[in-house]
Amino acid sequence: MSNTVHNPDQYMFDFKHIISHGRKKIGILIGAGAPVSVNIGKAGAYVPLIPNVAGLTDLIRAGLKDEFKEAFEGIEKQIHNSNIELALSRIRALAEVIGESKVCGLDATGFQSLSQKICSLIYEIVSKPLPAGENPFSDTISWINGINRNHPVEIFTTNYDLLFEEAMERVKTPYFDGFSGSKVPFFDPSSISNNDLPKRWVRLWKLHGSIGWSKSASGEIVRSNTDAGSTMVYPSHIKYDQTQSAPFSSLFERLKNFLLEPDTLLICSGFSFADAHISAKLSECMSANPSSALIALQYQNLDNEVYAAELASRCPNMSVYCRDGAIINGIKAPWKLGDPPSKNWEAIRAEYWKEGTFLLGDFKLLARFLAMSGGGKSKAIEPALEVATDE
Numbered sequence: 004m005s006n007t008v009h010n011p012d013q014y015m016f017d018f019k020h021i022i023s024h025g026r027k028k029i030g031i032l033i034g035a036g037a038p039v040s041v042n043i044g045k046a047g048a049y050v051p052l053i054p055n056v057a058g059l060t061d062l063i064r065a066g067l068k069d070e071f072k073e074a075f076e077g078i079e080k081q082i083h084n085s086n087i088e089l090a091l092s093r094i095r096a097l098a099e100v101i102g103e104s105k106v107c108g109l110d111a112t113g114f115q116s117l118s119q120k121i122c123s124l125i126y127e128i129v130s131k132p133l134p135a136g137e138n139p140f141s142d143t144i145s146w147i148n149g150i151n152r153n154h155p156v157e158i159f160t161t162n163y164d165l166l167f168e169e170a171m172e173r174v175k176t177p178y179f180d181g182f183s184g185s186k187v188p189f190f191d192p193s194s195i196s197n198n199d200l201p202k203r204w205v206r207l208w209k210l211h212g213s214i215g216w217s218k219s220a221s222g223e224i225v226r227s228n229t230d231a232g233s234t235m236v237y238p239s240h241i242k243y244d245q246t247q248s249a250p251f252s253s254l255f256e257r258l259k260n261f262l263l264e265p266d267t268l269l270i271c272s273g274f275s276f277a278d279a280h281i282s283a284k285l286s287e288c289m290s291a292n293p294s295s296a297l298i299a300l301q302y303q304n305l306d307n308e309v310y311a312a313e314l315a316s317r318c319p320n321m322s323v324y325c326r327d328g329a330i331i332n333g334i335k336a337p338w339k340l341g342d343p344p345s346k347n348w349e350a351i352r353a354e355y356w357k358e359g360t361f362l363l364g365d366f367k368l369l370a371r372f373l374a375m376s377g378g379g380k381s382k383a384i385e386p387a388l389e390v391a392t393d394e
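Number 394 marks the last residue of the sequence shown (my numbering); no jumps.
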């Protein structure tokens, strides 16, 4: 780093002003690090509500037995930096093309069964209820509801879980996720492109699918929680090709259109930017629309957030805030406190800064900061800085 420094007080003063008024078009991009920030452990042990992608991959591997386990581990060895999404994509591709030939001990039918078993395990792992009482998902919805807004808040997430749905339903917050209907809700891309629902309705866009999605007998995507994951919809083999078809094409198009609208802000949390397809879409849109802005609140030190830093180096309207420093306007520099920007700022500073460390890369603390800015009640939360929460 150079001798240049960034003053966190200055940027958080501006950030707090933006999030506490309802005039800005605001979106939130949530990655796998968000539910990791929810601790359900007891006796001082840290146990995440839902693990990140690496943790999910480990649990899937441990849950497979016999020939399925051997095949899965064999597929992992064939993939550089393998994770559950990449492995599942390869497994589904093999199920469609190899017929009676065998790869890693399984033929097409075997890989189809392995795919269904993996989806069942994913369903079991991520089907966790939202903890009772205050939690970061409820805090986020509290912030959304606590401000009279000119534009609806749009939540984009790569997560399969139903935590945001549960948080909104607990407090009777209306939302739209692209599906219409009651008995068997169907995907309605025209409603996504029109985006003309009341502004008090939260938009929830699940970019990588959901445990609440399945395919009907006619092959249509529907929302249903009755199937234990055997027909769940994720981006399938060749993720980039799959995102060109419904429902993923419509959801990625909504992300694109949001970022191309004038004067928008996308707040990112728990997202590592390692997903090349999403990062490419963000880069394309940020370059095309200089009036848009992206603030990535990252959990690790700046040197460890290589994917976010690489993207910010190409997009001056993207800022990356890390524990020890930031990239702002393309300039990488450490944090250094300055004079408080207003009276009584020390109390606000304690919400995002402690002992030389910027705290809001932890989704739990970011959500609390948002809730406080939207009129939520204050509650001291000790940051669990030792727990990595990025995807």
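Source of the hints: derived by calculation from the structure; they are not laboratory data.
Be aware that one or more of the hints could be misleading.
[Said to hold, decoys possible] Only pairs whose alpha carbons sit at most 27 Å apart, straight line, appear in this in silico BS3-like list of lysine-lysine:
(1) Lys339 <-> Lys357
(2) Lys80 <-> Lys68
(3) Lys72 <-> Lys120
(4) Lys72 <-> Lys131
(5) Lys105 <-> Lys72
(6) Lys105 <-> Lys45
(7) Lys218 <-> Lys19
(8) Lys259 <-> Lys218
These numbers were taken from a predicted model, which means no experiment stands behind them.
Do the hints match the structure? See the list:
no. : hint              : in the structure
1   : Lys339 <-> Lys357 : holds (12 Å)
2   : Lys80 <-> Lys68   : holds (17 Å)
3   : Lys72 <-> Lys120  : holds (11 Å)
4   : Lys72 <-> Lys131  : holds (24 Å)
5   : Lys105 <-> Lys72  : holds (15 Å)
6   : Lys105 <-> Lys45  : violated (45 Å)
7   : Lys218 <-> Lys19  : violated (42 Å)
8   : Lys259 <-> Lys218 : holds (26 Å)
In summary, the numbered hints that this structure violates are 6, 7.
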